[in-house]
Each structure stands twice: as C-alpha cells, then as structure tokens.
Amino acid sequence: MCDLFETPTPRVFTIPPAVSFLDLLARTLVDALSHDETPFALSDAVIVLPTRRAARGLAQAFLNCSPQAATLLPRIRTLGDLAPDDAGLGEFGDDLDQTPAIDPLARRLILARLIQARGLESDWSNDPVSALLAADALADLLDSAAMMASGADMFDWSKLSTMVSEHELAKHWEQSTTFLSIVTEAWPAYLASVNKVDPGVQQRRNIEAMVDKWRAAPPEQTIVLAGSTGSMPVTRKLMHLIARLPKGMVVLPGLDTHISSDAWMAARHDDQHPQRALSEAIEAIGIERHDVQVLPGVAEPFGLAQRRLVINEALTPQASTADWPSRIEELGQENIIAGLEGLTLIEAASEEEEASLIAHELRETLETPDQTVALVTPSAEIARRVAAKMQRWDIQVDVSSGRPISDTSVGSFLRHVMQWSQDPSDPVVLCALLGHPLTSVGHARDHVVACAAAIEIGILRGPRKARTLPQLIGQLEALKPDYWRTIKADGQSVQKHDGINLLKKLDQHLTQAGPLSGALPECAQSIAALAEVLAATPTQKGADIVWRGEAGESAARFLAALMEHGHLFPPIQPQAIGRTLDHLMVDLVVRPRGTHPRIAILGPLEARLLQFNKVVLAGLDEGVWPQPAAPDPFLSRPMRRHLGLPSPDTRIGLSAHDFAQFAAAPNVVLTRSARRKDAPAVPSRWLWRLKTLAAGALGQTNALRVLTEGSPWQSLLRAHAPNRVFEPTRAIPSPRPPVDARPRSFHATQVEVWIRDPYRTYVEKILNLRALDPLGGPISAGVRGSAIHKGFEVIADWYNHPPLDARKALHQAFETALCEAGYDATSLAVEMARLEPTIAFAATLEIERLRAGWCPMVEKSGTLTLDTLQGDFAVTARADRVDVGPEGTEILDFKSGKPPSPNEVYAMFGAQLPIIALIAARGGFDDPAIGLPHDLRHIHVGGRNPKVEPAVHAKTSVEELVERAENTLRKLSTLYHDPMRAYLPKPRVSLIKKATYDDPIDRLARRAEWANAEDSE
0 MCDLFETPTP
10 RVFTIPPAVS
20 FLDLLARTLV
30 DALSHDETPF
40 ALSDAVIVLP
50 TRRAARGLAQ
60 AFLNCSPQAA
70 TLLPRIRTLG
80 DLAPDDAGLG
90 EFGDDLDQTP
100 AIDPLARRLI
110 LARLIQARGL
120 ESDWSNDPVS
130 ALLAADALAD
140 LLDSAAMMAS
150 GADMFDWSKL
160 STMVSEHELA
170 KHWEQSTTFL
180 SIVTEAWPAY
190 LASVNKVDPG
200 VQQRRNIEAM
210 VDKWRAAPPE
220 QTIVLAGSTG
230 SMPVTRKLMH
240 LIARLPKGMV
250 VLPGLDTHIS
260 SDAWMAARHD
270 DQHPQRALSE
280 AIEAIGIERH
290 DVQVLPGVAE
300 PFGLAQRRLV
310 INEALTPQAS
320 TADWPSRIEE
330 LGQENIIAGL
340 EGLTLIEAAS
350 EEEEASLIAH
360 ELRETLETPD
370 QTVALVTPSA
380 EIARRVAAKM
390 QRWDIQVDVS
400 SGRPISDTSV
410 GSFLRHVMQW
420 SQDPSDPVVL
430 CALLGHPLTS
440 VGHARDHVVA
450 CAAAIEIGIL
460 RGPRKARTLP
470 QLIGQLEALK
480 PDYWRTIKAD
490 GQSVQKHDGI
500 NLLKKLDQHL
510 TQAGPLSGAL
520 PECAQSIAAL
530 AEVLAATPTQ
540 KGADIVWRGE
550 AGESAARFLA
560 ALMEHGHLFP
570 PIQPQAIGRT
580 LDHLMVDLVV
590 RPRGTHPRIA
600 ILGPLEARLL
610 QFNKVVLAGL
620 DEGVWPQPAA
630 PDPFLSRPMR
640 RHLGLPSPDT
650 RIGLSAHDFA
660 QFAAAPNVVL
670 TRSARRKDAP
680 AVPSRWLWRL
690 KTLAAGALGQ
700 TNALRVLTEG
710 SPWQSLLRAH
720 APNRVFEPTR
730 AIPSPRPPVD
740 ARPRSFHATQ
750 VEVWIRDPYR
760 TYVEKILNLR
770 ALDPLGGPIS
780 AGVRGSAIHK
790 GFEVIADWYN
800 HPPLDARKAL
810 HQAFETALCE
820 AGYDATSLAV
830 EMARLEPTIA
840 FAATLEIERL
850 RAGWCPMVEK
860 SGTLTLDTLQ
870 GDFAVTARAD
880 RVDVGPEGTE
890 ILDFKSGKPP
900 SPNEVYAMFG
910 AQLPIIALIA
920 ARGGFDDPAI
930 GLPHDLRHIH
940 VGGRNPKVEP
950 AVHAKTSVEE
960 LVERAENTLR
970 KLSTLYHDPM
980 RAYLPKPRVS
990 LIKKATYDDP
1000 IDRLARRAEW
1010 ANAEDSE
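Numbering (numbering that gives the first Met the number 0), first residue to last: 0 to 1016.
No lab work stands behind these hints, which were simulated from the structure alone. Ideal placement from N, C-alpha and C gives every residue a C-beta, glycine not left out. All the pointers check out, no bait thrown in.
Using C-beta positions, here's what the derived DEER-type ranges look like:
#: 1; residue 1: L1003; residue 2: R460; range: 15 to 21 angstroms
#: 2; residue 1: L865; residue 2: L771; range: 32 to 38 angstroms
#: 3; residue 1: A443; residue 2: P403; range: 26 to 32 angstroms
#: 4; residue 1: G593; residue 2: Q67; range: 26 to 32 angstroms
#: 5; residue 1: E948; residue 2: C854; range: 18 to 24 angstroms
#: 6; residue 1: L931; residue 2: T825; range: 45 to 51 angstroms
All chains should be built: construct the whole structure from the sequences, respecting the hints.
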C-alpha cells in the first residue's frame, strides 16, 4: 500500500458504508506514509473532514492503529476551519489577506433593524420578534447565496428586480423582490462600511484562497479531503484541486458503484436522491464514476455488501423502479435475506413506546463490555425523550443537539428574573421567581421557600389586587393575622414581618437595578445585576452561583455579547422586551458533562463517518426523517432556480445519503411511531420503499418476519404492560368514612351542597381540603357575587341616614367593593356598566321599602342545634338581608347568578332560605325582633333584568318550608350516621347544571373518566 500516492491523478477513492470510514482511513494513511522517506510525513499531512466530531474520531483512530505508544498526529481540520490564521495552516497561506467575518449576533440584530426600517416604509409590522424571525430567514438566504458565488465577487442578485415580469410569476412576489432590496443594497452597504463580510462568504473565500495558493504552489505534504459529498460548489473546487496534487487524495463516502447507468443519470437530476451530491462532485472533479476506486484495504463482509445493495436499490430514483422485478432476480432472494440480517424494524404504537423501546435497545448494549451504541435522529424531541428515560438508569447521555438553555436551572432563572423585572407584582411571575431554587435574596433558601408559600396563600391567590410591589407590600401589611399561614424554616416559624421584609428587599433590588429600558445593552446589564443579587446567599455571592457550570457560562457569554452588540438594534417597547430576549435566547444550548462514553445521541450531520456496534435510526416518519424542505419566506422555488440558488430539496437528498450510510451498519434498528402529536403518522418514504422491495422479493409475510425478528423488546414491554380493564362502576369514588369522622355541624349553604354533591362534603368537611384559587386568575363568578353582596351592605346605613341620591350612593359602594375585589380600571368600567340596571332597580326598590317602614339588617348570623337520635346536629346561617317591618320579618337573598325556582326550594335543592327561616323561627338569631318570616325572596341582581323572585311556591307556605327544612336535616343526620352510607359524587345527574369537568372536586373524583364511560353506554 506504499504506492497509494504513486497512482495517477486525479486520485479519488470511496469507502463503502459498511466499513468503518475513519478506522480504514487512518490505517491506510499510517501504512502509506510509514514508508515515506520524509520522517514527519504523517504529522505534516493535512486531512480535511466535514465535521469536528469526525475529526475527533479520526484522531482517536490514528492513536488506535499507530504502532508507537506516542504518535505525532496529522493536522486534522474541518471544511469550516480552513482559515490560515486560525487553523494552523499558516505555511499554506500566510500571505493571504482576508476580510474578517461579522459577528453572528451583530448580523442578526442589524438585519432585523433593516427589516424593521423597511417595514415602516411599507407600513408593515415592526414587531421586534417578527423582525428577528425574518432576519434568521434572511441570514439563511445570505449563507446559501454566499456558497454559490465565486471568488471575490458577491452573489449576483441583478436578476431579482426583473424576475417577476420576465418569468410571469404571481404579482405578490413583487413585494418579496422589493423587500429583498435589503440583501441587494442595504446589507452590502453596511458590510462595506464596517469592513466585514458574511461568515459564509469568509468561509468560501478562505477555501478559494487556499485553492489558488495550492494551485500556484502545490504543497509537498500529503493533503486528503475525506468524507465530504461535495454538496457546495466551493467544496467541489477544493476536491478538483486536491485530487490532482502530487500527494493529494479525495475519499468519497458511500459512492454507489453498482447502480445502473440509467439510474445514475436519473440521480443526477433528482435533488432527493442520495447519490445526487456525489454525482455533481464527480463531474466537478472531471472524472467518470468508474474512475473512482474503492480504497485499498477494504474488507466488506458479504452480508453487509448485500445490505448496501438492497438499501441502494430501495432508494433508487422512482423512474428506475420499473425494472425492480429484474433487479430483485439479479440480487437473489438468499442474498436479500442475508442483506436484511442485522437490520430490525420496530413500528411503535406511540411516541412514548418508541422512546421506551429505543432506551431499552441502548441499555441492552451496555451489558456487553466495550460495545458502543448510538441513537441517530433529526428529531430533538425523540432525543430528549430517550435521554430522559436513560436517566432513570442513572445514565447521562451525550445529546449532540444539546439541551435548550431555557430547560436548565440558570436559563429558567434568568427568564423568571426578566419577566419579574417587567411586572414585579404579577402573582404568577412572583411565585415562579420565589419558587426557583436559585432565588435566595441574601437569605437561606429554606427561609425564602417558607415566606413564598405563606405570601402565596395569604395574598396572591385569587384575582390580582396589587399592580406594584409597594401595593403588594401594603396588601400584606393589611392582612389579618389569622390569614397568615405559619410555616417553619430550619425549625423557626416564618412570621408575617418576614414576608414583608422579603418583599421590601425585592423592591429595593428592583429600584436599584431600574426597570428594563428599551435598549438591549441596558436590558442585559439590568438582568445580569438583578440575577446576581437575587441569587446571593448569606455565604456565597450571586455571581458565583449564577454563572457557574456550562449553562451559566453560556448565559454569561450571551449577555456579554448582548451588551457589546445590543446597540445595533433599535430601542424596544417595554411590552415586547420579554418576548424579544426570549427569542434571542432560544438558540442557546448546553451540553452535559460526564456523559457515558459508550452511548451517544446524535443528529445525522454529527453522526457522519462515525462507527458504532449498534445504530438506532429513529423517527422514520414523513415530516421527521426526512424533514420537509423549509419554506423560503422570500423566494419561491422557480425564483430560487432562476437566481441560481440550490433547491430546497437538496437537503432531502443529503438526508437520504445519511440514511443509506447509517442503514448499512452491521447492527441497525429502524424505529417509527404509528402516531405523532396525537395524529396518524405516515412512514418515511425510504422505509416504505425498503418494505416494498422486501415484500416483492420475499412476500409480505416473510418480509415482515425478516424485518421485525431482530428485537424482542416490543413484545416484552407489551407483555409486561399492566392489563388495565376499565370498569366505570368501580371507578366511581364511594368513600365511607367512620361515623365519628362525619361532620355534625353545617352551614346552610353546605347543606345545599350536601344534598347535591355528597362527595364535595366529604372532601371539604372530612378531608379538610379546599381548592386553591388560581394565582392572579380572572375574577370568578363567586368573587363578583361577593363584591356585589358587599356593595349592597351600604343599604343597612340608609335606615338611619337616608342618602340624598340613592343611585349615586349605591354606585360608589359597588365601585369600592369591586376595586377591593381586584377589578382594574378597564374591567371596573365594564362591570359598572353591567351593574347600571341593578343600581337603578335596587335604588328604587330600597327607597320604597324604607318609606314603607322596613328596617334592613345585613349579614345577620344565626345558629340552631337540633336534638336528633344520633346526637346534636348544629346548623348555622348568615342571611344577606333580614328586613323587619310592619308585616313582620322578610328574609332576602341576593343572587348574581340564576336563583333556584320555588319548586327547587320546596324540594330542598335550594335549601338555604328554608334553613334560615327555620333558624329564625326557632329564635336562632340574636335579635329578638327576628322571628318566623312571613315571606322568603330572592333578589336577582347583576344582569340586564334585575327583579324580585319569590322563593315560596304559591301552593305552599313559609311554615311548611320550615317544617320540610327540619325534616330534611333530621333525615340527612340519620342517613349519614350509617357507616355504610357513601358520599357519592353528584348522584342526581339531573341537578348538574353544566358538565364541563372544570370543577376541581370533579377532577379529584376523576369524573371525566367514569361519567363519560357511563354516558357512552
């Protein structure tokens, strides 16, 4: 093999996909260069690979095959590193004068600024996030164009202005051509003003400069370009030169040397074919396909050679599949079976099952010493699912796509700090900040947790009432001691003053940092300063906590870059700052340290040229792998073709080549899911064609058996899955607590609940559970009703101090009550408009009753204890209004919702007023003037048509209702004194007003499961 570089030029080889590319390349070069007369032939060699991960793999391969313990490795570079200044290649281009590239963040911000300015001129949206999204798409377009240009010239955009008219395109594309004046005019002018170029332009010019230098003075060292498909024109130029250097060599990955001539010609014009890029590369080098030889030293096992033929045949262009029967006959059934050996297909029922099966495949490999395994998928979601499942075995896996910084503790902390600084009294945001493990505010973490929990329960649950931190502090200061939940931290009870001090400290830090301004550098500075003071503990500085670890370092670099380049973006409106910073951070990822050395989760690009004992190719569904071509928001496909830009389908062809390479490995598992995102999934076109080819050769049944018999995990997992037979009647909760745990004291409204929903009584009065109001949630019907009730309380003062203007007095009372309930200015105006009919109606009604001699008493409480066979049974009530007048006593109940009808009151499904009447009749109120009422009424308020509605049916009387109320209470006492009596959830389905299952008690009872099942029967 010592004559490897003695062969004629151009010198182009290929390595079959079943052979370890990097190991063979390393062995071949060590063997060839070890006989070289130059003592440092190997260390002087330059090897160019497509990815850095492949470069690291080749370095390890050289160490593995080197006969010496210490070895000077060749200079291994990637195509992106071919810059003489920073790649250790100074002797090849030390006199090259290259213009520096613009910083990626600076480019992003400048492009977004130009887009915003263009949008203002055209009366388009100037939203900063939309501008940044468009800037990202524009940057992709610039990078694509940069690689298609040549030499020092920029890409030729001259055809853009006349394209729509010349090629009869749709008129709306004229807007795109006008908009792209940013690319043709504004952006080049800016780059020229700062003496910078696009990163893609710099990379292309670096390679072209190296080509020119090497062409003028061919290097004496060995130069090898390996593993690239030559998808970019500039790469093909480099291939053309290196193949002709005295000691140059190009090694192509997985060239199909057995494809028919017709299929090869069809692949040349099919952007989605796996050999398309290689065909262009061979043509650019100036050779024919038969001139490419397999690299000497290749020993391809028979079965894997057949696998390669089967995979390549399955991916042949559609136009060439007409002769599949003859091709199958040529391949031979036995050879196809041999080729499919070691290839296993797993079709999971769901994404969750797919991830579990993959995790078990990875875990199984670790049982064999020194065996390696990789999951290869373009789906970040599948990668995260599998990595999470591996952590259950305490196995940390290297995920090449990284972990979004927003998913890390530091990233989420910075987001909380940013959101809180914009609205510091927002209950959700404040709780999220105080609940974050990095928030200490100079205290011990346990102290902050205890204070946060007490503050949350005390003042943050329910509608939001404070709009600033000082208002929130005042709300906490006014909180009654009984409402402060005492929680212990380090054995010490946290008191209300501790919570007040914590909020004051937050307010102090926020005031010192200042509000987030519209300028990005100041925003970044404020966020960094706030994060540090909020993370500080009594023993450690905040900076030492926030910026440590890979996530902290990444966040620090991002904020530093924002401070440096943020001035390039125009000031942002306060309401858009949070969204803008979120979007700028979305691409930040961190990679875990201390991962398992024998497992990797890689994207197809990162996995190129790497070899593993087992490879799992996951996500083989349309839309996942291959991923659809990304839509170009600026140019249609015909426009891209006329301009000379690459087709979007080129990426699909490269993905197909990746699949063909990976699928030819010795041990391969292919996985897909029948459903993705709750919708049926379509198998990948490659998988479908492979199955079709196998079925044509072996028959449907045999093909399925051959493809699926390699892995036992699907059948094992399904066999061990719990066999859950759902029986609705058994799912209905029916708690039967002991008699001594059952309550003997009720409020009147609780009796009504007891009748309608016994399970709620069990939850609230026996388990002592109550649903927490949402944090800063919307104003509920209950809160609104309570505020209206409170507004009506002012009428009690009118008996002794009649108002001059009843409507005005009532209006002020409602306004005050609604403000205290959490209504802001906007919602208050809307609610007051809704209450105008109620105010007019109530003012007239109450003045008339006052003139008639009625004395209103509000919120009167009464108690009654019944002597039952089971013992004392106490019932309490609070009447909205008890009016005493010439005709005796009237009990009024205000309802902002629909009041119960007289029939429902008679049936005790609306038992509140009858029970209040019972208490009054038995002298349960402390005012002797209150006796058996002569009437019970509901006042329906809060809507368009307020009115008085009788609660007593015309055919009955108050006395009869009082008697029925007492009998009902005694009956309930008897029924639920039976230990076998269950507290069933809403047993009277006819009384359920609306079955939405939004009720937290219904969720606790899991009503949606068994109620729906019963309904379906």
